[in-house]
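**Student:** Can you make the complete structure from the sequences, with help from the hints?
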Amino acid sequence: MGPFEYLWLTVFVIFVLIALARKYPNELGTTTIIFVILFLITFFAIPKLPGLINDIYRRIFNTPMPKRQMQHLLASLFSLIFIAAIFSSYAGRTFAFPGKAAPGWRGTFYSLLVGMMNGYLIAGTLWYFQDFYEYPITDFKLLYLPLTDLGEKLAAFLPPYVVPPIFWAILVAIMLLFRVRK
Amino acid sequence: MNGSTLAELQSNILFWIIIALFAWQGYQRGLIAELVKMGFILIGFFVGNREVLGKTLIKALNGFWLALQFLIHGGFEAIVTGNFNAETLSKIFEEINKLPPLIPPDRMEIALFLAMLFLIGLGYLISKLFKPQWPGLGLVAGALNGFLLSYIFLPLLPDELPFQLEDLSPAGIIQQIIAFISYLIQLFFKVLSAIFQFLVDIFGQWTIPILLLAIVIIVLISLTPSKKKRSSGTSEGGGS
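Read top to bottom, the protein sequences are chains A and B.
No gaps in the numbering here: position 96 of the first sequence is 96 in the working numbering, and each next residue is one more.
No gaps in the numbering here: position 89 of the second sequence is 89 in the working numbering, and each next residue is one more.
Don't read these hints as lab results, they were simulated from the structure.
Please note that the accuracy of each hint is not assured.
Facing chain A, from chain B, some residues (calculated, C-beta under 10 Å) [what the hints assert, rightly or not]:
(1) ILE110
(2) LEU144
(3) PHE147
(4) LEU149
(5) SER150
(6) PHE198
(7) THR207
(8) PRO209
(9) LEU211
(10) LEU212
(11) LEU213
(12) ILE217
(13) LEU223
(14) THR224
Glycine included, C-beta positions come from ideal geometry on N, C-alpha and C.
**Tutor:** Here it is as structure tokens:
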């Protein structure tokens, strides 16, 4: 398989295309769900969950969980929760924003912007779960390290690294405020 | 035909296409809108040129930035409390002198280019507010705008084209098309990364949060309220 970042670039492009097809009022619902789940994961789950899991593991096996095992568990768990949340935001009754999309090229431009934002948040967060837990996926020989120079540069800008957890809550509040107002 | 001859030919063709397009737009928009657009293009051009207005603009922006830093680093408090003595001032200046300027000299070119693009874009948007009047004169003014924009942007095209038209077999043409597309993708990422780097220089670690906030607000404001009152904002079947 090629460099690590190409996988995420592909995910990014797919979400840009989805946004262009669905139009941005629908995509903003997904954006809100992403902000909510990012807030919950970065504010509560990442700081608290490892300790909780370790306690439970220690009670059962009388020993702390090995570090690599913990990294595998957390990276997989967070990725699954995140993917499930994204899936739920696209399936069935969706959390769309009321209101009409801007006509013509402006509408397409806004859809592109929202698609790029969603693509960055989704691909970037999934990459973050790997990067933060030292790439557990490489143990399955599905992807290979080291990252390329470009990959190293991009990894410094993954959403949870550059956005403070509380900022996700602020963004959710703004989204909901506009949703009610419209 | 070699790359540079082809590039020259392409520039000439592009020059006339741009003039024709802008003349047509001028005919539709009318004289007033085109004159407004021309004003902004000229201001943009002078601002984008470092020898004319560029240096002054950068100096002014860096000056405003320094004044803002002065207020943030205790100047505001000193003014409000009246504690405006030499010791406080020298402490504040000592602190803000360590800070980098908003636009450092090595970022001047990209800053001026962005300022020029911003002004031209602003002129385009403002010109849309005017009702079409005097279409004949608008055609002439539009052609002049096309000429100005060609003068500004055509020299930015590369001297050598990223493809050659020597091998005109199907395989050769496909190869050149791929080379051209890859050139465009690389150029896109180059421009994007230059703009992003410029923003990082200004906002530092807050660049991404500010970008996200800006996108969210711009997009939400652009949504016009539906006329019919809806009971809920949900949609069925994948929200299509």
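**Student:** Hints first: check each against the structure and report whether it holds.
**Tutor:** Going down the list of hints, with the structure as the test:
1. ILE110: Hint violated; B/ILE110 Cβ to chain A Cβ min 18 Å, cut 10 Å.
2. LEU144: 25 Å, violated
3. PHE147: 25 Å, violated
4. LEU149: 19 Å, violated
5. SER150: 22 Å, violated
6. PHE198: 15 Å, violated
7. THR207: 8 Å, holds
8. PRO209: Constraint on B/PRO209 satisfied, holds at 5 Å.
9. LEU211: 8 Å, holds
10. LEU212: 7 Å, holds
11. LEU213: 7 Å, holds
12. ILE217: B/ILE217 check passes; min Cβ-Cβ to chain A is 7 Å, inside 10 Å.
13. LEU223: For B/LEU223, the interface hint holds, since the closest Cβ of chain A sits about 4 Å away, which is under 10 Å.
14. THR224: Status holds, d = 5 Å.
In summary, the structure is inconsistent with hints 1, 2, 3, 4, 5 and 6 from the numbered list given earlier, while agreeing with the others.
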